[in-house]
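Here is how the chains run, residue by residue.
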Amino acid sequence: MLAVEMKHIYKSFGPVKANHDVNFDLEQGEIHALLGENGAGKTTLMRILYGLYKADMGEIFINGEKVAIHSPKEAIAAGVGMVTQHFTLVPPLTVAENVVLGYTNGVVLSQREIEKNVAAASEKFGILVNPSALVKDLSVGERQRVEILKALYRNARILIMDEPTAVLVPQEVDVLFESLLRLVKSGLSVIFISHKLIEVMAVSDRITVLRDGKVANTVKKSETNQVELAKMMVGRETFGVRLLDACETSEPIYELSGVTLDGKHGKKVLDDVSFCVSRGEILGIAGVSGNGQGELTEVITGLVTPTKGSIKIEGRDITHLAPGQLSDAGIGRTPQDRHEGTIGDLSVAENLALEHIKDYTQKGLLDRKKIRDDATTIIKEFQIKASPGDQLRKLSGGNMQKVVLARALSRKPKVLIASQPTRGLDVGATEYVRNRLLEERARGTAIVLLSEDLDEVLALSDRIAVIYEGRIMGVVPSAEATPEKIGLLMAGAVQH
Amino acid sequence: MGDFIIDIIAATLRVATPLIFATLGELFCERAGILNLGIEGTMFFGAFSGFAAASLSGSLWVGVLTALVGGMLSGWLMSLFSVRLGVNQHVSGLGITLLMTALSLFGFRVIFGESRVLPSITPFKQLSIFPNSPVLGEIFSQYALTYIAIALIPIVWWVVYRTNFGLNLRSVGDNPEATDAAGINVYNLRTIALVIGGALMGVGGAFLSVAQLGSFTFGIVAGRGWVCIALIIFANWHPIKVLWGALLFGSVQALQSRLQLTGIKLPYELFLALPYIVTIIALTLAGRNASYPAALLKPYKRE
Amino acid sequence: MWTRALIPVAAVLATFVITSIFIILAGANPFEAYYNFIIVPLSSKFSALEVLVKATPLIFTGLAVTFAFAAGYYNIGAEGQLYAGAVAAAWVGATFTNLPAIVVVPLMLVLGFAAGMLWALLPAFLKVKLKVDEVVTTLLMNSIIMYFISALLNGPWRDPETGWPKSPEFFEAARFVQLIPKSRLHLGFVIALILVVIVFIVIKRTPFGLQMRAAGASKAGALFAGINVNRTMLIAALVSGGIAGLAGVSEIAGIHYHLISELSGGYGYTGIIVATLGGLNPIGVSVAAMFIGLIDTGAQTVSRVLGVPVYLGDVVQSTLLLVTLSMLLLQNYRIKRI
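Protein chains in written order, with this note's numbering: chain A, 164 to 659; chain B, 6 to 308; chain C, -7 to 330.
The hints are simulated quantities; they were obtained by calculation from the structure and are not laboratory data. Every value quoted in this text rests on a predicted model; they were computed, and no experiment measured them. We put the beta carbon where it would ideally sit given N, CA and C, even for glycine. One or more of the hints may lead you astray.
To be verified - Which stretches of chain B does chain A cover? Using the computed rule of at least three CB atoms under 8 Å from a CB of chain A, they are:
{"hint": "1", "stretch": "34 to 40"}
{"hint": "2", "stretch": "158 to 170"}
{"hint": "3", "stretch": "186 to 192"}
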C-alpha cells in the first residue's frame, strides 16, 4: 500500500500553471526526493498535500484512503507532517514546550510530564534533543531536529522536508541524513524537496523531477546519476564545464575581492566573494534563491558593511562608503526589492529626487519645478505610465521598477547594480528593462546583474558567475554557458 | 527608629498594591504581544467605577467587582482596535486611556453631580494577621486587596508557566505565526489576555479609591499606569520580579511621604519624581538586554 | 484622494452617533446637545472667538505632534515639553522687568522653544542611540516635569504674599497683546498661524522635510536613498519639542500671566488627536485644532444649558481619535485590495 498517492494534480496561480497534471506517489518507508529548479512546482505540490493550498483538480490518497485536506490541522490528523526552512518555533520556550504547543489537553501544564514525554519521543525516534533546553540557545541544526520531533510527536507517519539543508552547515546535513535514514527504517516515509543534486543522490530511494509544473520523470536512484538528473531538471543535454578565472577581463573598473559576511550562528552568508566587471560588460550572478544574492546586494549597495574584503571602483576603495557616497562615486544602485528601496507614500518625482536632494535645493527650499521637470523628462524617457505627482505605491510593478532603474541611470553611473530587476514583472516590462540594461552596456557601463531567472542571466550576461551557499562556484563566459552547465553549478554539483 | 522602619515597610506594601495589580495586568497583555498603553485610563476607570458602585450599592466588594468588569471592558475595547483591526498599539492605547479617563470624569459628574463636598465612602478596614506581634502585627495590618495582590504573584506565575493557557500566551507574544501554525487562534488568545489584563488594572485602580482614599479624585492615578509600563520591563515580564519592582518603587514613595511628615526640609517632589527617573534609567539599561516579547507592537495578520 | 478628506467628516459623524449614548445616559436629548455643541458657540462673536482661544494651544501641540510623527518619531511628550516652555517663559516674564515687549516677547519665544527642545532631548537621544522606546520615555518625562513644577511653585516661586503655588505675575510688557478688545484672543493665535505656514513649508517644501517624510514613511527606503535616518529623527524630535514649548509660552503669556500646575488641560495629549484628525498636514492640523476648540467651547455650553457634564467634550474627542484611526486603517485595506 502506498503511503501517499497524488493523482492528476492541477494548480494555477493566475496565468501561472504551478502544477499541471502531476502524479506523485510515496511508498511506505522510502525517502522520495522532489527535485527541480526554482518555480518548478515542488513546494506547491507539497503545500497542497499539507493543506496550505487547495488543488484546482486532482485526488489525494493517504494509506490507500481518499482524503480531502483543507488545513494543516487536518493534514496532521491524517499523519502528515511538514518541516520548512522557516521554523515555526518559539525561541524563548523550552524544546518540550515547543513540541507540545497546541497539542495539549486540560488546564495544567506539567513541565516534568511534557519533558518526560518529549524525552521518550526523542529516544523512540532517535532524534536527539534536550527537552529542557531553550530553543533560542540551539543551533539551526538542533532547531530543525525540534521541528522534526514536533511533527513526529503529532504522530506523523509521512514527513515532508522542504529544502531542509538550505539552512544547515555540512556537518549538520550529515546528522540530518543519518536521522532520516534511521527513521525510514522504523517505517516513516519521507518526501525530500531539494534542488541540490549531491544531496538527492546521497539520501533518496527514488527521485521525481519536476520541470515547469510537470513531472519530467520518476527514477530510482540506483538507475541514474547527477548528469542525467541535471538534464531532466533543465530538459536538455549537458556538457562539461570549463571554469574561467573570476577576474579575466581586460579593463576591470569594478572589483570585489574576498568579500565575506558573517551571518547568525557562525555561518558565513558570503564567503570570499571575488569578481570584477569591465566597462561595457554585464556580469550575471546566477544562483538559486537564498544562496547569498540578497546579502551580496546589500553589501554592494552600501546597506551592509562586509566583515572582510574590499570593494573598489577604478582602484578607489569604496568598501566603507555610505549609500549616498556610493552613488556619488559612480555606482548606480537599485534595490533587490523595489518596495523596500523606495518610499511608497511619496510621489514619483520625490522618489526620483530623494537620493540627490542637494541638486534639487535652491536657497534652502526644494526646487519643486526642477524636481517636476526632471521627473517629467525621466518619465518620458523611461516610458513610465505615471505623472510626477502620483504616489509611488499606486504604480504597477513594472512602472515602479522603471522608476527604480531610472533613478539609478539618470545619474549616468559607471557601474550599475541591477538586483532582481525583472522579478514579478509582466512580459512587456521585462522586455523593456532588459533592453535598457543592454543599452547601458553599450554606453559603457559596467553592470552587475543579480537574478534568479537563469534565462535572463544567460540572455544578457557577457560572463556568468554562479553563487552557491555564499560562494562563487565559478565564472563561465556566455559563449560557453548553457543552462545545463550553469544549472549544475547552481545545484552545487561541481566543486570549484 | 525601629518604628519608623516598620512604618515604612507597611506603607511600602500599601503603595505597591495597585502597582502589583496593574503590572500583572500589563504582563498578560505584553506576554500576548500587545503593549497596552490603555493601562493609565483603565486604572482610572477602575478607580471611578469601583468607587461609584461601592457608593451606590453600599458594598465595597461590589465596587471591586465592578472595577474588575469595567477593566475587562476596557481591555476588550483595546483588543478591538489593536488585535482585530491592527491599529498601531501606541496610538490606540493612548486613545483608550483618553477615552476611559473621559468616561470616568463624565460618569462621575453624571452620578454625583457637581457638589462642593467630595463624595466619600467608608473604605476597607485594614486586616491584621498577627495581632499579637508588635512588629509583624504592624507590617501585616493591610487591606484585604494587598493580601490578594501578594497572593496573585504566585498564582500568575503558575498560570503563565504551569498551564497550557500560559504556554499558548507565552508563544503568541513571541511568535504568533508559530502559534497559529500550532492550531491556536491568535486573535482570541490575545483578546482573552487583554481582558484578563484589563480586569487586573481595573482592580488596581479600585484599590486607590475603595481602599486607600475612600473617595475619587481626578488625580487619583497620577501616572501610576506609566510606572507599571516601565515596571514590566524592569521585571523582565516575570511575575516574581514584578513584586520586587513594585516594592522597590513603593518603598521610595513611602520613604518620601514619611520624611515629609518628619518636617525635614527636603524637596519632596524630587522623591516623587525619583521612580520615574529610575524607570528611565532602568529602561536605558534594560534596552539592550531586555527580553521583550518578540512580537510586541506587531499586529498579526493571517496570510 | 477625495476619500482621504472624507474620513474626518465620516469620523465626526460616526463619533456623534456613538457619543449620543452618553448624552442620553446623562438625561439629555442628543439633537439638542449637538445643537448647543456645534451651532450655539458659533452664533455669538464672543464664544466664536473663544473657540479660537481654545484652538491656539492645540494648533501648537498639533503641529508639534505632526512634526515628530511625520518623521516616524512617536513623541507623546508634548504635554511635558509644553510645561518646559512655560517655565522658561515664566522666568523671563517675571525677571526682565525693564525690557520692552519687542525684546521680551521674542526672548520668551526663543527660550520657550529651547526649553521644549531640552525636555525632548533625553528621550530622543535614547531612542536614536540606544533604541529605547520613545513613547514610554516621553510619557515619563511628562510626569517628571509636573513634579519639577510642583517643586518650583512650592519652593522658590511660591507667591510670597498669598502663599499660593503660582509663580510671580508677568509684568505688562511680557504679556501678549489682546487681538480684539474684551476677548481673550491674544498674540499667540497669530504666532500659531504663522507657525502653521512655517511648518507647512518645512515639511512640504524643504529638502529636510522631504527626507523627514521619507524616513517616517519607510525606514528601509530612506536608508537605501542614503538618508541619515537617525539624525533626521533626532532633529524632528527636538523641533517637535520646541514647538510644544511654544504652546506653553503662548498659554502663560497670553492667558494666565503666571505659572500654575493646571496650565495645560492635557493639550499635549489632545495634540495627538488634532494631528491624527488633521492627517499630519499643518493646514489640516489648524482646521482640526479649531474643531476641537469648538468641541471644548461647545462642551461648556452643553454643560451650562443642559446640565450634561463638561467632560462630554473629552469623551467626544477621544472617541473621535479611535474612530478616525480605525477608518484610516480600513481605508488602507481597501486600497491594498484593489
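Going down the list of hints, with the structure as the test:
With a cut-off of 8 Å between beta carbons, the stretch 34 to 40 of chain B has 0 residues touching chain A; three or more are needed, and the interface restraint is violated. Coverage of the stretch 158 to 170 of chain B by chain A holds in this model, with 5 residues showing a Cβ closer than 8 Å to a Cβ of that chain against a need of three. Counting residues of the stretch 186 to 192 of chain B whose C-beta lies closer than 8 Å to any C-beta of chain A gives 4; at least three are required, and the coverage claim holds.
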